[in-house]
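Protein chains in written order, with the numbering used here: chain A, 1 to 278; chain B, 1 to 287; chain C, 1 to 246.
Warning: the hint list may mix true and false statements.
[To be verified] Below, computed lysine to aspartate or glutamate pairings styled on DMTMM-like, alpha-carbon distance capped at 25 Å:
1. A:150 <-> B:280
2. C:24 <-> C:70
3. B:224 <-> A:192
4. C:84 <-> B:186
5. B:224 <-> B:123
6. B:182 <-> C:77
7. C:9 <-> B:186
8. B:224 <-> C:57
9. B:224 <-> C:29
10. C:84 <-> C:70
11. B:224 <-> A:196
12. C:239 <-> C:216
13. B:224 <-> B:171
14. B:182 <-> B:280
15. C:9 <-> C:58
16. B:182 <-> C:207
17. C:227 <-> C:174
18. C:84 <-> C:12
19. B:182 <-> C:29
20. C:113 <-> C:168
21. C:113 <-> B:186
22. C:9 <-> C:21
23. A:150 <-> A:184
24. B:224 <-> C:70
25. B:182 <-> C:174
26. A:150 <-> A:196
27. B:182 <-> C:21
28. C:120 <-> B:186
29. C:9 <-> C:29
[Stated by the list, open to error] So these bits of chain C aren't anywhere near chain B, every CB distance computed over 10 Å:
30. 11
31. 65
32. 79
33. 83
34. 85
35. 138
36. 216
37. 222
38. 231
Hints were generated in silico from the structure; no laboratory data involved. Even glycine gets a Cβ: it sits at the ideal position worked out from N, Cα and C.
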Amino acid sequence: MTTTARWMLVPFVVLALLLAACGNGDTQQPADDGATPAEGDGAAGADLDLVTDGTLTVCTDSPYPPMEFEDPETGEFTGFDIELMRAIAEELGLDTEVVNSGFDPIVSGTALAANQCDIAAASITITEEREESIDFTEPYFEAEQSLLVKGDSDIASIDDLAGERIGVQSGTTGETYANENTPDGAEIVSFDNPGDIFVALEAGDISGVIQDLVVNQGRTLEDDSVEVVETYQTDEQYGFAAEEGNTQLTEAVNGALQTLRDDGRYDEIYNEWFGNAE
Amino acid sequence: MTHVEPSQRPGESTDSPGAPPPPKRRLTPRQRARLFRGTLYAVLILFVVAAAVVADFATIQRAFFNPDIAARMWPAVLTEGARNTVVYTATSFAFGLTLGLVLALMKLSSVAPYRWIATGYIELFRGLPALVTIIFVGFGIPIAFGVNIPGGFLGKATLGLGLVAAAYMAETIRAGIQAVPKGQMEAARSLGMTRSWAMVSIVIPQAFRIIIPPLTNELVLLIKDTSLLFVLGTTVGSKELTKFGRDLMSSTFNGTPLLVIALAYLAITLPLTQLVAALERRQARAR
Amino acid sequence: MNPGTPAIKVEDLHKSFDQLEVLKGIDFEVGLGEVVCVVGPSGSGKSTLLRCINRLEEPTAGHIFIEGEDITDPDADVDMLRSKIGMVFQSFNLFPHLSVLRNLTIAQRRVRKRSTAEAKDVASRNLERVGLIEKIDAYPAHLSGGQQQRVAIARALSMEPDMMLFDEPTSALDPELVGEVLAVMRSLANEGMTMMVVTHEMGFAREVANRVVFMDDGVIVEEAAPKEFFGNPRSERLKTFLSQVL
């Protein structure tokens with residue numbers, strides 16, 4: 001074979017080798033999220049129609065501490081949502097695998113419909129609108145909205161926001177709240193990636209952030225130059241989201257969640273992340 | 001013998017050697033050129049000085065040159081970020097090259113529908129932003145056809161970018177095939193070789209030699225397009241350089257990760273662009 | 001094939017490129033073992049005629065028979081018929097990415113299905129025949145024009161064709177290299193190869209050809225044995241042409 005013809009084979013060989021080597025790695029990865037299976041009712045997990053057999057694949061929207069973020073030491077996904085999800089998966093006798101798919105694909109239902117994951121845990125507020133595209137489990141967390149600003153800012157309440165740029169995450173109830181309640185003249189800036197919002201605040205690109213209290217508050221613990229100036233009771237509740245019509249999965253998760261509540265493991269996890277249980 | 005003194009200017013009187021010359025009216029071309037160059041230098045220096053004065057070096061250093069953060073990124077920036085960028089580039093390049101060759105041959109085919117399909121494909125995927133194609137692959141295909149693309153993140157990345165790469169490479173390959181002198185095919189056929197054999201052993205190998213510089217260019221473009229793959233939903237260990245850097249930027253509130261991944265990208269692309277330039281020079285000489 | 005069948009028989013061949021008719025009804029034959037030279041001004045259609053014979057150009061009308069088989073028949077096995085016809089091009093057309101040896105063996109292996117050893121044997125013999133055996137591992141880029149053309153002849157010979165077509169084989173060569181190629185062609189003729197040569201080399205035609213054909217403006221104007229052709233041209237056009245080239 002001529003040298004050029006031999007050379008031409010290289011891309012195909014490379015492709016073949018790489019696909020062979022890396023092809024199955026992604027979907028399994030038991031070492032990473034190795035939750036030990038079958039601590040609870042393993043049978044419940046076995047019947048479910050999952051993206052990967054034996055694994056509960058979870059979509060999330062990271063970084064959104066303390067609900068979901070990457071542990072800087074281990075690189076693993078962690079946070080209240082993730083750890084609660086891991087416990088539920090364990091209860092169902094399943095491993096866990098986390099995919100960071102972003103918020104919009106989750107609430108629009110596309111990530112679930114596209115089989116990126118079985119269920120989504122991303123601080124998703126249960127709303128009627130969203131129920132048209134995704135199925136929610138029972139609520140697992142109560143949330144409120146809040147306004148975060150820099151400590152040296154003059155802003156004391158939502159009414160002071162005329163003429164200011166306010167950051168929100170696109171597709172969230174925080175965005176909706178901001179659109180409905182900020183005064184005229186406030187500029188709402190929508191971010192795709194939640195991690196960019198705090199960076200924008202720090203850089204002075206925006207002067208305030210309207211989003212879930214638990215996340216804004218979490219920020220103040222890391223950075224004392226920012227503070228939460230107002231909280232808004234919105235009676236929001238978070239639910240896990242599954243593909244529309246996947247009642248089998250939502251029921252299984254609800255069952256596992258109830259078990260965790262009953263035997264105190266829910267409280268354990270809650271306290272780990274938020275101090276005292278309600 | 002008359003000759004023009006270089007210093008003589010039109011309008012200058014030459015009759016009285018002792019008298020002072022009248023004042024200069026116009027600049028010579030050489031003086032004009034010197035003045036122009038001098039102005040350009042002055043503008044440049046002005047910009048540099050202004051930038052240096054305006055820039056807040058302390059902030060820049062804090063925001064982009066934090067050695068601790070940079071140190072923390074090591075070795076993951078290589079073992080995860082750079083490795084994935086290179087892997088995704090390689091697999092989509094291989095995919096795109098294979099499909100691109102098929103499309104190029106289809107476009108040169110005597111069967112009209114093959115030509116139409118190939119043209120349609122090429123126009124479609126060259127006309128769409130790569131990001132849109134990637135989203136199509138990640139979401140559109142699974143939803144519309146109910147199929148899971150095999151290979152996890154790598155599989156989707158390869159398919160998404162590969163479809164785009166194929167469209168660009170098809171045109172390059174076709175041009176390469178057509179650049180091979182017609183006499184080569186004629187000689188092969190007159191020896192009794194079938195058209196397919198002639199294509200495979202004589203024309204295509206020569207075509208590939210011709211198109212190595214533009215193909216290498218395509219490789220560089222692919223490296224940069226891997227930055228769009230994050231929309232497919234990353235799992236642990238699958239982040240390429242840009243996602244790696246962005247996530248670290250938001251968790252450290254610092255721009256140093258951005259600088260580090262920028263350097264990583266350049267470390268990969270600069271040698272390649274130099275290689276392209278060297279290959280182009282070598283081909284120009286061989287002609 | 002019976003002994004009387006001509007190697008090449010062209011019947012009423014017409015060829016047009018778009019609106020331009022280049023061959024306007026050619027009737028022509030080359031007998032087994034004959035050496036026929038075709039001469040004429042540029043644009044006369046002589047190269048086109050040659051290239052139609054192995055269907056590198058598609059005839060618009062008419063028939064061409066190779067050893068009695070109609071190569072213009074849509075069902076004809078053109079590849080097989082082509083392998084019986086060796087062709088040498090004005091621009092040599094050696095495969096630049098292959099060595100001389102591989103240039104000579106690639107078609108042998110693919111088309112004649114010979115083993116590597118067999119093919120190399122044949123190749124070596126033909127390279128010796130053209131006087132270039134020492135260049136067997138060289139690449140075309142390292143050879144002079146005359147050497148490349150001789151290798152091209154060896155390549156065509158390696159398919160062991162029944163006849164050889166030459167399309168202005170020396171027109172692209174520097175004058176001092178023409179001789180070596182003509183010498184090879186002359187020795188081929190002496191060995192009895194059936195040859196059809198389109199050329200401007202009148203000396204070669206006069207000395208080596210059995211028959212010389214004059215074409216002008218898409219038709220065969222006159223053909224005769226060299227002595228008659230050059231010594232006693234009958235048509236006005238041929239007389240004019242000869243006065244210009246000789």
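Here is how each hint holds up against the structure:
no.: 1; hint: A:150 <-> B:280; verdict: 55 Å, violated
no.: 2; hint: C:24 <-> C:70; verdict: 20 Å, holds
no.: 3; hint: B:224 <-> A:192; verdict: 21 Å, holds
no.: 4; hint: C:84 <-> B:186; verdict: 15 Å, holds
no.: 5; hint: B:224 <-> B:123; verdict: 21 Å, holds
no.: 6; hint: B:182 <-> C:77; verdict: 22 Å, holds
no.: 7; hint: C:9 <-> B:186; verdict: 22 Å, holds
no.: 8; hint: B:224 <-> C:57; verdict: 47 Å, violated
no.: 9; hint: B:224 <-> C:29; verdict: 64 Å, violated
no.: 10; hint: C:84 <-> C:70; verdict: 13 Å, holds
no.: 11; hint: B:224 <-> A:196; verdict: 21 Å, holds
no.: 12; hint: C:239 <-> C:216; verdict: 12 Å, holds
no.: 13; hint: B:224 <-> B:171; verdict: 20 Å, holds
no.: 14; hint: B:182 <-> B:280; verdict: 23 Å, holds
no.: 15; hint: C:9 <-> C:58; verdict: 16 Å, holds
no.: 16; hint: B:182 <-> C:207; verdict: 33 Å, violated
no.: 17; hint: C:227 <-> C:174; verdict: 28 Å, violated
no.: 18; hint: C:84 <-> C:12; verdict: 23 Å, holds
no.: 19; hint: B:182 <-> C:29; verdict: 28 Å, violated
no.: 20; hint: C:113 <-> C:168; verdict: 30 Å, violated
no.: 21; hint: C:113 <-> B:186; verdict: 20 Å, holds
no.: 22; hint: C:9 <-> C:21; verdict: 21 Å, holds
no.: 23; hint: A:150 <-> A:184; verdict: 22 Å, holds
no.: 24; hint: B:224 <-> C:70; verdict: 58 Å, violated
no.: 25; hint: B:182 <-> C:174; verdict: 23 Å, holds
no.: 26; hint: A:150 <-> A:196; verdict: 16 Å, holds
no.: 27; hint: B:182 <-> C:21; verdict: 22 Å, holds
no.: 28; hint: C:120 <-> B:186; verdict: 23 Å, holds
no.: 29; hint: C:9 <-> C:29; verdict: 4 Å, holds
no.: 30; hint: 11; verdict: 22 Å, holds
no.: 31; hint: 65; verdict: 18 Å, holds
no.: 32; hint: 79; verdict: 5 Å, violated
no.: 33; hint: 83; verdict: 3 Å, violated
no.: 34; hint: 85; verdict: 7 Å, violated
no.: 35; hint: 138; verdict: 17 Å, holds
no.: 36; hint: 216; verdict: 26 Å, holds
no.: 37; hint: 222; verdict: 29 Å, holds
no.: 38; hint: 231; verdict: 35 Å, holds
Of the hints listed earlier, those the structure fails to meet are numbers 1, 8, 9, 16, 17, 19, 20, 24, 32, 33 and 34, in rising order.
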